[in-house]
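The chain contents come next:
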Amino acid sequence: MKINKNLEGNTLTLALEGRLDTTTAPDLEQAIKAELNRVDALVLDFSKLEYISSAGLRVLLSAHKAMAQKGGMKVTHVSEMVMEVFEVTGFSDILNVE
Amino acid sequence: MKELTLDAKIENIPSLTAFVDEWLEGLECPIKAQMQIDVAVDEIFSNIAQYAYGPEGGTAVIRLEFDAADRTAMISFIDSGVSYDPLSKADPDVTLSAEEREIGGLGIFLVKKTMDAMEYRREDDRNMLTIHKRI
Numbered sequence: 000m001k002i003n004k005n006l007e008g009n010t011l012t013l014a015l016e017g018r019l020d021t022t023t024a025p026d027l028e029q030a031i032k033a034e035l036n037r038v039d040a041l042v043l044d045f046s047k048l049e050y051i052s053s054a055g056l057r058v059l060l061s062a063h064k065a066m067a068q069k070g071g072m073k074v075t076h077v078s079e080m081v082m083e084v085f086e087v088t089g090f091s092d093i094l095n096v097e
Numbered sequence: 000m001k002e003l004t005l006d007a008k009i010e011n012i013p014s015l016t017a018f019v020d021e022w023l024e025g026l027e028c029p030i031k032a033q034m035q036i037d038v039a040v041d042e043i044f045s046n047i048a049q050y051a052y053g054p055e056g057g058t059a060v061i062r063l064e065f066d067a068a069d070r071t072a073m074i075s076f077i078d079s080g081v082s083y084d085p086l087s088k089a090d091p092d093v094t095l096s097a098e099e100r101e102i103g104g105l106g107i108f109l110v111k112k113t114m115d116a117m118e119y120r121r122e123d124d125r126n127m128l129t130i131h132k133r134i
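Line by line, the protein sequences are chains A and B.
Note that the first sequence covers residues 0 to 97 in numbering that gives the first Met the number 0.
Note that the second sequence covers residues 0 to 134 in numbering that gives the first Met the number 0.
Treat the hints with care, as some may be off.
Only part of the chain B face toward chain A is listed, based on derived beta-carbon distances under 10 Å [claimed, not checked]:
| no. | residue |
| --- | --- |
| 1 | Lys31 |
| 2 | Met34 |
| 3 | Glu42 |
| 4 | Gln49 |
| 5 | Ala51 |
| 6 | Met73 |
| 7 | Ile77 |
| 8 | Thr94 |
| 9 | Leu95 |
| 10 | Ser96 |
| 11 | Gly104 |
| 12 | Gly106 |
None of these hints come from the bench; they were simulated from the model.
Ideal placement from N, C-alpha and C gives every residue a C-beta, glycine not left out.
The shape of chain B in the complex, shown without the other chains:
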């Protein structure tokens, strides 16, 4: 298991992505799965950076685990901001025209579609969102 704690700020996304990529490369993850995971990291961490905390800010912990038996990478995002379960939101209507489109909700939807599983837990006043991807 590997962990990284960092300020929940948009400008930390590149260093977080580098941390995740280095781990995935060590696991010989195929490039397509790696990019899908990178997109998921971008979507989830940017949500935390924008919505979890007020102006005073806060930190987030990213935990990396690998299940060698079924080659599944698991990445958990843990924050102590406001209670928020992104999986409880309805999926956006992807059949609407450009004019009717709403801006929100696409990110998490994209993650749901590209990962093999996702789970959310609220524990000890913390949000923990975990994504699973077979690599």
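Chain A with its partners taken away, still in its complex shape:
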């Protein structure tokens, strides 16, 4: 998985490319942790994300909680495949999906 970072003002956008699974979820966790203190809002761009497994969901949940005390976290350009995973797991009610 590739993570492309873009910081605009205090909003960090991470665009993910590939698969967010057990092997790659720690990379996203690290990327978010590294920037958490200096950003107010987080945007995760999923337009090039192929799929997500529960390891990825866990990272999204903890990032969502951490960002809830700041400017929040948004997930954008979610594919049908990933959206189905969000719906089945109830994450579509938790996350701010656009």
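Guided by the hints, dock chain B onto chain A, whose structure is given.
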């Protein structure tokens, strides 16, 4: 039937996924079903890698079978670690808020929801979990 034996380690997931994908592509599996199967492989194999064995580790066998009559792919995960039936666990409550959410159990739940059938057997001191997916 195809089989692959490998160490039950997280770092082997990419090569296992490549093995399964190559087989599925040969069967002209639709991309959506393939990705759902890839997620299932990730969930099940990572469980085995993390929980089946102690620090000394162990191996797992992945067996691929295809029923051409009803176009069903069957993937079995066989390990000789501690007895564990993932299907015996209660489903997580997916209606809870972010604060109330527990971290465990989501993976197998996701597999249950996306596969057509799953079965678990304990035989000769081995765990065998099989997933079925029409492709």
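* Tell me, in ascending order, the numbers of any earlier hints that this structure violates. => 5, 6, 7
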